[in-house]
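J.: Put together the whole structure using the sequences plus the hints.
Heads up: the protein sequence lines correspond to chains C and P, in order.
Residue 1 is where the first sequence starts when you use our numbering, and the numbers rise one by one after that.
Residue 1 is where the second sequence starts when you use our numbering, and the numbers rise one by one after that.
To be clear, the hints were calculated from the coordinates, so they are not data collected in a lab.
By construction, the Cβ of each residue, glycine as well, lies at the ideal position given by its N, Cα and C atoms.
Hints may be right or wrong, so weigh each one.
DEER-style ranges, computed between Cβ atoms [stated by the list, open to error]:
id: 1; chain 1: P; residue 1: 375; chain 2: C; residue 2: 396; range: 39 to 45 Å
id: 2; chain 1: P; residue 1: 328; chain 2: C; residue 2: 10; range: 55 to 61 Å
id: 3; chain 1: P; residue 1: 426; chain 2: C; residue 2: 325; range: 30 to 36 Å
id: 4; chain 1: C; residue 1: 113; chain 2: P; residue 2: 183; range: 55 to 61 Å
id: 5; chain 1: C; residue 1: 396; chain 2: P; residue 2: 183; range: 45 to 51 Å
id: 6; chain 1: P; residue 1: 29; chain 2: C; residue 2: 418; range: 47 to 53 Å
id: 7; chain 1: C; residue 1: 417; chain 2: P; residue 2: 29; range: 41 to 47 Å
id: 8; chain 1: C; residue 1: 65; chain 2: P; residue 2: 65; range: 36 to 42 Å
id: 9; chain 1: C; residue 1: 65; chain 2: P; residue 2: 14; range: 38 to 44 Å
id: 10; chain 1: C; residue 1: 438; chain 2: P; residue 2: 252; range: 54 to 60 Å
id: 11; chain 1: C; residue 1: 376; chain 2: P; residue 2: 328; range: 45 to 51 Å
id: 12; chain 1: C; residue 1: 318; chain 2: P; residue 2: 477; range: 47 to 53 Å
id: 13; chain 1: P; residue 1: 65; chain 2: C; residue 2: 438; range: 52 to 58 Å
id: 14; chain 1: P; residue 1: 111; chain 2: C; residue 2: 8; range: 47 to 53 Å
Taking lysine-lysine pairs in the DSBU-like style, the calculated list, with each CA pair at most 35 Å apart, reads [claimed, not checked]:
id: 15; chain 1: C; residue 1: 62; chain 2: P; residue 2: 62
id: 16; chain 1: C; residue 1: 115; chain 2: P; residue 2: 92
id: 17; chain 1: C; residue 1: 302; chain 2: P; residue 2: 62
id: 18; chain 1: P; residue 1: 115; chain 2: C; residue 2: 92
id: 19; chain 1: C; residue 1: 386; chain 2: P; residue 2: 62
id: 20; chain 1: C; residue 1: 302; chain 2: P; residue 2: 257
id: 21; chain 1: P; residue 1: 360; chain 2: C; residue 2: 62
id: 22; chain 1: P; residue 1: 62; chain 2: C; residue 2: 92
id: 23; chain 1: C; residue 1: 257; chain 2: P; residue 2: 302
id: 24; chain 1: P; residue 1: 502; chain 2: C; residue 2: 115
id: 25; chain 1: P; residue 1: 82; chain 2: C; residue 2: 62
id: 26; chain 1: P; residue 1: 92; chain 2: C; residue 2: 470
id: 27; chain 1: P; residue 1: 82; chain 2: C; residue 2: 115
id: 28; chain 1: P; residue 1: 115; chain 2: C; residue 2: 82
id: 29; chain 1: P; residue 1: 502; chain 2: C; residue 2: 62
id: 30; chain 1: C; residue 1: 360; chain 2: P; residue 2: 257
id: 31; chain 1: P; residue 1: 115; chain 2: C; residue 2: 115
id: 32; chain 1: C; residue 1: 360; chain 2: P; residue 2: 62
Chain by chain, the residues run as shown.
Number of protein chains: 2
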Amino acid sequence: MADKAKHAISPTREEDYPEWYQQVIRAADLAENSPVRGCMVIKPWGWGIWENMQRVLDGMFKATGHENAYFPLFIPMSFLEKEAEHVEGFAKECAVVTHHRLEPGPDGGLVPAGKLDEPLIVRPTSETIIGAMYAQWVQSYRDLPILINQWANVVRWELRTRLFLRTTEFLWQEGHTAHAAEVEAREETARMLAVYADFAENWMAMPVIQGEKTAGERFPGAVSTLSIEAMMQDRKALQAGTSHFLGQNFSRAQGIKFQDQNGQEVFAWTTSWGVSTRLVGALVMVHSDDDGLVLPPRLAPKHVVILPICRNDAERAQVLPYCESLMQELNAQSFGGGSVRAWIDDRDLRGGEKNWQHVKRGVPLRAEVGPRDIAKNAVFLGRRDKAEKLAIGRQELVQTVGSILDEMQTNLYQRAFALRESNTRVIDDVDEFREFFTPKNPDEPEIHGGFASCHWAEDEAVDRLLAELKVTIRCIPHQAEPEPGRCIFTGKPSAGRAIFAKAY
Amino acid sequence: MADKAKHAISPTREEDYPEWYQQVIRAADLAENSPVRGCMVIKPWGWGIWENMQRVLDGMFKATGHENAYFPLFIPMSFLEKEAEHVEGFAKECAVVTHHRLEPGPDGGLVPAGKLDEPLIVRPTSETIIGAMYAQWVQSYRDLPILINQWANVVRWELRTRLFLRTTEFLWQEGHTAHAAEVEAREETARMLAVYADFAENWMAMPVIQGEKTAGERFPGAVSTLSIEAMMQDRKALQAGTSHFLGQNFSRAQGIKFQDQNGQEVFAWTTSWGVSTRLVGALVMVHSDDDGLVLPPRLAPKHVVILPICRNDAERAQVLPYCESLMQELNAQSFGGGSVRAWIDDRDLRGGEKNWQHVKRGVPLRAEVGPRDIAKNAVFLGRRDKAEKLAIGRQELVQTVGSILDEMQTNLYQRAFALRESNTRVIDDVDEFREFFTPKNPDEPEIHGGFASCHWAEDEAVDRLLAELKVTIRCIPHQAEPEPGRCIFTGKPSAGRAIFAKAY
Chain C
1 MADKAKHAIS
11 PTREEDYPEW
21 YQQVIRAADL
31 AENSPVRGCM
41 VIKPWGWGIW
51 ENMQRVLDGM
61 FKATGHENAY
71 FPLFIPMSFL
81 EKEAEHVEGF
91 AKECAVVTHH
101 RLEPGPDGGL
111 VPAGKLDEPL
121 IVRPTSETII
131 GAMYAQWVQS
141 YRDLPILINQ
151 WANVVRWELR
161 TRLFLRTTEF
171 LWQEGHTAHA
181 AEVEAREETA
191 RMLAVYADFA
201 ENWMAMPVIQ
211 GEKTAGERFP
221 GAVSTLSIEA
231 MMQDRKALQA
241 GTSHFLGQNF
251 SRAQGIKFQD
261 QNGQEVFAWT
271 TSWGVSTRLV
281 GALVMVHSDD
291 DGLVLPPRLA
301 PKHVVILPIC
311 RNDAERAQVL
321 PYCESLMQEL
331 NAQSFGGGSV
341 RAWIDDRDLR
351 GGEKNWQHVK
361 RGVPLRAEVG
371 PRDIAKNAVF
381 LGRRDKAEKL
391 AIGRQELVQT
401 VGSILDEMQT
411 NLYQRAFALR
421 ESNTRVIDDV
431 DEFREFFTPK
441 NPDEPEIHGG
451 FASCHWAEDE
461 AVDRLLAELK
471 VTIRCIPHQA
481 EPEPGRCIFT
491 GKPSAGRAIF
501 AKAY
Chain P
1 MADKAKHAIS
11 PTREEDYPEW
21 YQQVIRAADL
31 AENSPVRGCM
41 VIKPWGWGIW
51 ENMQRVLDGM
61 FKATGHENAY
71 FPLFIPMSFL
81 EKEAEHVEGF
91 AKECAVVTHH
101 RLEPGPDGGL
111 VPAGKLDEPL
121 IVRPTSETII
131 GAMYAQWVQS
141 YRDLPILINQ
151 WANVVRWELR
161 TRLFLRTTEF
171 LWQEGHTAHA
181 AEVEAREETA
191 RMLAVYADFA
201 ENWMAMPVIQ
211 GEKTAGERFP
221 GAVSTLSIEA
231 MMQDRKALQA
241 GTSHFLGQNF
251 SRAQGIKFQD
261 QNGQEVFAWT
271 TSWGVSTRLV
281 GALVMVHSDD
291 DGLVLPPRLA
301 PKHVVILPIC
311 RNDAERAQVL
321 PYCESLMQEL
331 NAQSFGGGSV
341 RAWIDDRDLR
351 GGEKNWQHVK
361 RGVPLRAEVG
371 PRDIAKNAVF
381 LGRRDKAEKL
391 AIGRQELVQT
401 VGSILDEMQT
411 NLYQRAFALR
421 ESNTRVIDDV
431 DEFREFFTPK
441 NPDEPEIHGG
451 FASCHWAEDE
461 AVDRLLAELK
471 VTIRCIPHQA
481 EPEPGRCIFT
491 GKPSAGRAIF
501 AKAY
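T.: See below:
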């Protein structure tokens, strides 16, 4: 018990990982459930992370030639019906608008009125409505490519929801492109997966595996779905971004056709790609510890909290101006393509309580400044990725704050990479596979499993075993050379290994 | 006819102002109608304007102490019912979600299924859902103020829609604040109106009148509504932003209460304030001319288009590198708190056609560069706010581009200000009022009217006359000293003048 009392979050990761996740979000004040089933409220500190994600990704999309636009929230039901696999994939989880006003009902309350001729679906994704517009915009090969992204909210009616990871309404970006040639569309699909991997690794400090989904895990209507997969601290996989090559499936369904250079009328080749507020959940699960949120500095809403330590008004009059000028000097430093973001927390709270709040919220650096520190022209610095605090000269802190933050960013990446490496196993035997994915104590399942790299082949027996173990094929990783072998479940020939894992 | 042929937009403003507006939007490729009734698609050039508006406003909100957050798209019907005036104001124009999936119906097509116990409303505005959260967050005076903004889409089921000005779905920001004291909430309401006026005048180059709405024009549920009102080129008013003091109406309806410093439980004082994509419509109508869109440079997606003029590959090899280095030099210059945004349009199009495209899209500066210009180390510069083009030395252009854009910004403001001044009249006589607002030819209504500043008093006879003339009271302007007088319609005593106008 004495040991447990040292941690700000209860339960710890080892004790109950799913509950630990909820408690980290609560303690960091990132988000909470709303009175609307399955919809969350993203609070300012959580929004600050998403805002940074949006800014960085938006810059990456523009640098790869994309423009933003905006398409309607609603999709006529008939549009969804045009692509058979697509409607099959989304019909079971649609919010349906059927009326356009409210009227007093027989018992005095309001009732829906003004029934629509055709129900409208709140977009679960926008291929169909965007495709309908592209069909109007594209006449000639000169109109291609179209390279558009939108930032939007989407709705998928989920029965079991978890903050950020799975919510009925979520926020995302969806890129939708149309090309004259298949090869261009395939290149675009790969290019955007690489952008996502770059963002995940260099901004989120989250190592990812790039690969292709198997047929059963594809986006409904896609020819090929690529994804990035990351390992969470409970050894489960999280799909962090997807990029779909849609072939001509959607352009046929929606009539996106054009005259090519030979005067032939042909269908365009399309892609779509997206990441969502789910990334915030991934960020929380990859880096946080039993004291709360840990943020990669490049995406932290703020970098340095300055905590004035003063016991009386006289000390306050000395300490606050010192903090003020320190803040200005820190904010003049560069970091992560922008400036360091420091602020002073001079709320009237006990120092210990205040300090713990910032630990739990994942502020990368905490600089305590009291009269004794000022006498030495130093501050007492806490780093969120290390337990100990150290005295550091004021000038040294100002000069090195950018490199300290860079070092933290690298440290977080390396920690996450080491965790993944030590929990990834090449498995060539079905018993070992079963053992890898089975908890020792089924009544109180501990953290177990990881990424298993195995040969496999399509077979119903494989599907049954995976369903029993609650394991899925995450992806067929991109790799230099395919390595043929035999499926560990059936003995059938296998063209290469896939990554197997339990997943979010 | 010869005269008409000089203009890119047909009809001209004088010929048919509403149709001219639609044609300007079409010619500038800002937006278009979608297959979803009343919902528009915002195209990249239009989105670029909105993106700039968002960036600038977001900075202003943060500079005045606000944080961003995000609340659910859906509002349970019962929440809307809690505030009587509020539901009265929005019940007639709500998109109502009644089902959460689609199923195959008897005739093979899909039908809505999974009926919800309680219908959900797609937010027309978020006072009720945000208030429900604030009620949970606020316990003590120490929890106040809450100063939150959200960027979101909202839906109001409009029967007659016009691109940007009135659409079923629109994008906006809505600020929602809660305060311990009435005076703070009133100050906040005024502060945010001032922010909107600052944005309208200094970024949109659109002069506005700040004032208070009369009782009949208030936001449903507000104690007081402040607005900024701008004059469009057809002399009509457009309400460009509103800031509401909600008193304790919403905090009572939702239970936002707290212990004050004396330990008493009291209700919070709340405000809300918003501007929307309607501002893009206002921008179009204030500045554009019979050749298309005119953009204030501070909000233009791009500032300078460089147009290479080359008749053959040899010229091309000379001209393009020159354009490239010119672009880089221009982009290194500062303007409007950021950098100049120049780009090269080297599409394979006739020079005249290309030039007209950029005129119609409102690009502030067009720099033509051909071999003869290069020989003189000069470019041929077209300014969107002036008809003539002038040769200007390359170095001079680079050195003065920021001040040229500033001058254009000022010029547009002054032009709009002069139009408003020359169409604002102090009217003390009802016959003059009637004549001011009556077109000479009722069959083909020409541009007429403007802002009338008149004494008035609440009276049904006034309402009837205004309804007949299709005139509304826009606001009671903020002014140094109230000037008592007599209502020009009824002779009753009047505390001060109001602004009357036809309005969007």
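J.: Are the hints correct? Go through all of them and say.
T.: Status of each hint after checking the structure:
A hinted range of 39 to 45 Å is violated for the C-beta pair residue 375 (chain P) and residue 396 (chain C), which are about 57 Å apart. For residue 328 (chain P) and residue 10 (chain C), the hinted distance range of 55 to 61 Å is satisfied, since their beta carbons lie about 57 Å from each other. For the pair residue 426 (chain P) and residue 325 (chain C), the supplied restraint of 30 to 36 Å is violated, since their beta-carbon distance comes to about 54 Å. In this structure, residue 113 (chain C) and residue 183 (chain P) break the distance hint of 55 to 61 Å, their C-beta atoms being roughly 42 Å apart.
Look at residue 396 (chain C) against residue 183 (chain P): about 46 Å separates their beta carbons, and that is inside 45 to 51 Å. Distance hint for residue 29 (chain P) and residue 418 (chain C): a CB-CB separation of about 51 Å, consistent with the stated range 47 to 53 Å. About 46 Å separates the C-beta atoms of residue 417 (chain C) and residue 29 (chain P), a value consistent with the hinted range of 41 to 47 Å. For the hinted restraint 36 to 42 Å between residue 65 (chain C) and residue 65 (chain P), the CB-CB distance of approximately 38 Å keeps it satisfied.
For the hinted restraint 38 to 44 Å between residue 65 (chain C) and residue 14 (chain P), the CB-CB distance of approximately 41 Å keeps it satisfied. Hint check: residue 438 (chain C) to residue 252 (chain P), Cβ distance near 57 Å, so the stated range 54 to 60 Å holds. Range check, residue 376 (chain C) to residue 328 (chain P): Cβ separation about 48 Å, and the 45 to 51 Å hint holds. The given range of 47 to 53 Å is respected by residue 318 (chain C) and residue 477 (chain P), whose C-beta atoms sit roughly 49 Å from each other.
Taking 52 to 58 Å as the suggested C-beta distance range, the pair residue 65 (chain P) and residue 438 (chain C) conforms, at roughly 54 Å. The beta-carbon spacing between residue 111 (chain P) and residue 8 (chain C), approximately 51 Å, falls within the hinted interval of 47 to 53 Å. Taking the CA atoms of residue 62 (chain C) and residue 62 (chain P), the gap is near 25 Å; set against the 35 Å cutoff, the hint holds. The suggested pairing of residue 115 (chain C) with residue 92 (chain P) holds, with an alpha-carbon distance near 13 Å, which does not exceed 35 Å.
Annotation: proposed proximity of residue 302 (chain C) to residue 62 (chain P) holds, straight-line Cα distance about 14 Å (limit 35 Å). At most 35 Å may separate the alpha-carbon atoms for a hinted pair to count; residue 115 (chain P) and residue 92 (chain C) meet this at roughly 13 Å. For a cut-off of 35 Å, the pair hint linking residue 386 (chain C) to residue 62 (chain P) stands: about 32 Å separates their Cα positions. Taking the CA atoms of residue 302 (chain C) and residue 257 (chain P), the gap is about 31 Å. The hint holds against a cut of 35 Å.
Distance check on the hinted pair: residue 360 (chain P) and residue 62 (chain C) sit about 24 Å apart at the alpha-carbon level, within 35 Å; holds. For the hint linking residue 62 (chain P) to residue 92 (chain C), the alpha-carbon distance of about 41 Å lies beyond 35 Å, and the restraint is violated. For the hint linking residue 257 (chain C) to residue 302 (chain P), the alpha-carbon distance of about 31 Å falls within 35 Å, and the restraint holds. The suggested pairing of residue 502 (chain P) with residue 115 (chain C) holds, with an alpha-carbon distance near 33 Å, which does not exceed 35 Å.
Taken as a hint, the residue 82 (chain P) and residue 62 (chain C) pair is broken in the structure, with Cα atoms around 45 Å apart against an allowance of 35 Å. Distance check on the hinted pair: residue 92 (chain P) and residue 470 (chain C) sit about 48 Å apart at the alpha-carbon level, beyond 35 Å; violated. The hinted pair formed by residue 82 (chain P) and residue 115 (chain C) meets the criterion: a straight-line CA distance of about 24 Å does not exceed 35 Å. Between the alpha carbons of residue 115 (chain P) and residue 82 (chain C) the distance comes to roughly 24 Å, so the proposed pair stays at or under 35 Å and holds.
Distance check on the hinted pair: residue 502 (chain P) and residue 62 (chain C) sit about 42 Å apart at the alpha-carbon level, beyond 35 Å; violated. With a C-alpha separation of about 28 Å, the suggested pair residue 360 (chain C) and residue 257 (chain P) falls inside the 35 Å cut-off, and the hint holds. Restraint check for residue 115 (chain P) and residue 115 (chain C): satisfied, since their Cα atoms lie roughly 15 Å apart, inside the 35 Å limit. Between residue 360 (chain C) and residue 62 (chain P) the CA atoms are separated by roughly 24 Å; this keeps the pair inside 35 Å, and the hint holds.
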